[in-house]
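K.L.:
Going line by line, the protein sequences match chains Z and D. UniProt numbering puts the first residue of the first sequence at 1, with every later residue one more than the last. UniProt numbering puts the first residue of the second sequence at 1, with every later residue one more than the last.
Honestly, the hints are just simulated from the structure, not real lab data. Glycine included, every Cβ here is placed at the ideal spot set by N, Cα and C. Watch out, some of these pointers could steer you wrong.
Chain D is faced by these chain Z residues, among others (derived, beta-carbon under 8 Å) [as the list claims (entries may be wrong)]:
(1) Thr-84
(2) Lys-87
(3) Asn-164
(4) Glu-342
(5) Gly-345
(6) Gly-382
Protein chains: 2
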Amino acid sequence: MKYSYVSHLECPKCHEIYTVDEVNQLCRCGAPLLVRYDLNEAKSIFKKEDLNSRKKSLWRYHELLPVKNQNNIVSLDEGMTPLTQLKKLGEKYALANLYIKDEGIIPTGSFKTRGASVGISKAKELGVKQLAMPTNGNAGAAWALYSAKAGIKATIVMPQDAPNITRKEVAVSGANLYLVNGLISDAGKIVGKLIAEQGIYDASTLKEPYRIEGKKTMGYEILEQFNWQVPDVILYPTGGGVGIIGIYKALLELKEMGWIEADKFPRLVAVQAEGCAPIVKAWQEGKTESVFWENSKTNAFGINVPKALGDFLVLEAIYETNGCAIAISENDLSEAQKLVAELEGNFICPEGAATFAAARILREQNWIKVDETVVCLNTGQGIKYPETVETNNVTLLNPDDVIKA
Amino acid sequence: MKYSYVSHLECPKCHEIYTVDEVNQLCRCGAPLLVRYDLNEAKSIFKKEDLNSRKKSLWRYHELLPVKNQNNIVSLDEGMTPLTQLKKLGEKYALANLYIKDEGIIPTGSFKTRGASVGISKAKELGVKQLAMPTNGNAGAAWALYSAKAGIKATIVMPQDAPNITRKEVAVSGANLYLVNGLISDAGKIVGKLIAEQGIYDASTLKEPYRIEGKKTMGYEILEQFNWQVPDVILYPTGGGVGIIGIYKALLELKEMGWIEADKFPRLVAVQAEGCAPIVKAWQEGKTESVFWENSKTNAFGINVPKALGDFLVLEAIYETNGCAIAISENDLSEAQKLVAELEGNFICPEGAATFAAARILREQNWIKVDETVVCLNTGQGIKYPETVETNNVTLLNPDDVIKA
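Produce the entire structure from the sequences given, and follow the hints as far as they go.
P.N.:
Structural data, given as C-alpha cells:
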C-alpha cells in the first residue's frame, strides 16, 4: 500500500503534463498546475472507513495528498477544525441548518496553515532550501512558521497595512521579513525579482502547485464531518481563491473515489468585499476570467486581491456547481462579525464574517431555501484583527471604585 | 446509563458537603469546593474504549463532568488539543521525549476555554442569568464569549495592562467590560463588591467549583493521547493554579477508575516567573500555603497572580507527586519563546515559554533524566501577546525596490 497515490502535475489550460518529483512552478503557458492522483488505484485500496482510526489531522487523507515519503511531513497537528451548527444565528437568519466551519481553531490561527503544511512538506521532499512569497499576512505567517520547522529559509514580503500580528508571527519564526508600501501585487513584483535573480523556490499563491492540495482538505473534512452527505451550499471568502478551487477539486476527487453521490454537489459561493470584487463582476458578466480591480480596499484584508492568478478556476467552480458570487459592504461585514460573537461565542475574522452576511442576503433573496444545509467558512481568528473591534469607550476604574448597576 | 456521575461538592479543608443542584460558591470555611463523582458506579459502566467513537471535544468525558443534562452543554468544540513531540528542541535540550500540549489550538486561543465551557454549562444548568469575574485577560475573554453563547450576561473586570487583544474579545461578545488601574487582585475587590451588592453569580477563579472540572480534562487528554501510559513529568505555568489542581484531580480520578496504573503519577512542576513566585517560595520553604507576593511583575501576564486562593491545593499536588516548583527569569522566558518558534514552528505564549525554560534548567540540574517523557503545557497562543516580539527594525520597501541577497 502506497503512502500517496500522487501521479503527476497537469495544466488545466493546455493540459501539458509535469512530474511531481522535481520542482515545477507554473506551466509554460503561464497557468497554475494541478496535482493529479491515480484515483482508480487509490479507490480499490483506500476506503473511507480507514479514516475512523486515524489521527484528527489533515494528513489522515495522505493517500490523496502529494507527499510520497511520510518522513517529509511537516505538521503541527493541523486540521479537523470544528464544523458546528449555529442554532441561534440560524434562527435569526431563517436558516434551519446553518453551520460554521471554523478554521480559526488550527495552528497559526488561519486556514493558510493547510496550504503551508502540505506545501512545505512537499518542498522539503523536493529538497528546497530557500523560498520566498508575497502575502496579505496570514499565509506569510503560516509559511514562515512551517518553514522554520522544516529548516527551510523563508523570505516573506507583506504590505505594511497587513495585520500587525502576522508580522509578529513571521518575525518570531526567524524568517526574513520585508514590508512594502503598497498592495500584495506590489509585494508580488518584489518577490518576482528576487526569484528571478536568485533562483529560489517561488511559494507565491498558485505558483507552486501544492498548497491547493492542503486547502482541498477543507472539502474532505466538511464531507467527512457530514458523514459523506453533501451540504447544499458552501460560502467561501474569496481573495486568491485557492480554498474554493481546492474544495471543488476535493468534490471531484471524492466523486471519483465513490465516497459521495455522483449527481449532487454543493453550490459554491464566492464571497468578496464591495471594495474588491473582481470575481463577482466577472460572474455577473458571465466571463471566465476577471479584470484587475483598481484601488481595491476592504477591512477584510485577506480578500483584498485585485486579480487572482486562478480566477478562471474559481469561476469554473462557481459555474459548474450552479453557485454564485456576491459582494458585501464593510458595514454588513462588521455587523455580521459582532452578531456571530454575541449569539454564538465565535470571534471570527472579517473575511469569515463576509460569508455570514452573504448567507443572510442570499436567504433574503430566496437563493438559499430555509431548510437547506449551509456552511459558512470562517478562514481565521478574529483576534488577528484586533482593530475591527472598538474599545475606546471602556470605563477605567480605580481600585477603590464601585461598579454601578 | 447516566450522562454524568456527578455526586456532590466537598470542601478539601473541612470536608463539609454541598449539593451540585444549587448555586454554591466557596465553603463556609472560605476554601474552594471540589466536585465529587460516584466513581464506583461510573467505573462499572464507563470504559475507556467508549471514547474511541466519540467526538474530539472535552465533552467526550461527560460521565466525569458535572453537567447532568446534555441540553445544557455550551460548546464550541473545544478540547483534544495537539500533543506533539518536539524532536529538534528535544535534541537541543538533551530530552529524548519532549512534548508540547498546545492549548493555543482551541476556541478563544487559550486553556481558559476549558474552564469556561464547563463552568458556563453548569451555570446554565443552575439557572444563572448574570455573572461577574476579575481576570488577567484570557479567562475573561473565554467566559465572555461562552456567556454570550449561553445567553448569560457577563461583567468582566481586568487590569488595564492585561493583553489588549483579550479586551477586544470581551467587547465583541457584548459583555460589560471594565478596566482597572491596578492588578487582578484589585479587579477582584471590585467584583467582590458588585457580587455582594447585587447577588449575581461569582465566576472568580475557584469561587465557583466547576472550572477546575474543565481544566482537569487536560489531564484526561494527556493520558488518553499517551494511550493511558503515564508520562514522567508535566510542567505547568502556575498563576491561579487551577490547571495543576485539575490535572492532579484527573490523575486521582483516573487511578480510581482503573484507567491508569495505580502506583505511578507524573511529577507535577509548577513554573512561575521570578517577578511573581509565591508558590516557588512556599515550596522551597516546605510550606503548605503561600504568602502574598508584593509588587509582582512579569511579561507572562497570566501568571502574575500574587496569591492564589487554591495555593494549598497546588502545593499538595506538587508534594504528593514528588514534583517541584521553579521560577524563570524574563530573559529565559523570551529566549525559550523564540527558540520554540524557530525550531518547531509553534508560536507559544510567554507563560507556556516558561515551562520550556524550566524543562531545560531541570534537565541541566538532572532533576529530569534524558529519557524521561516530559510534557510542557503551553496555555495559549503567542499571537495574543504581540508585544513580546520585536519588529521595529523590519525593512520597509517601495514597490520598485529590490531585495539584496
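K.L.:
Please write out, lowest number first, the hints stated earlier that are contradicted by the structure.
P.N.:
Result: hint 2 breaks, nothing else.
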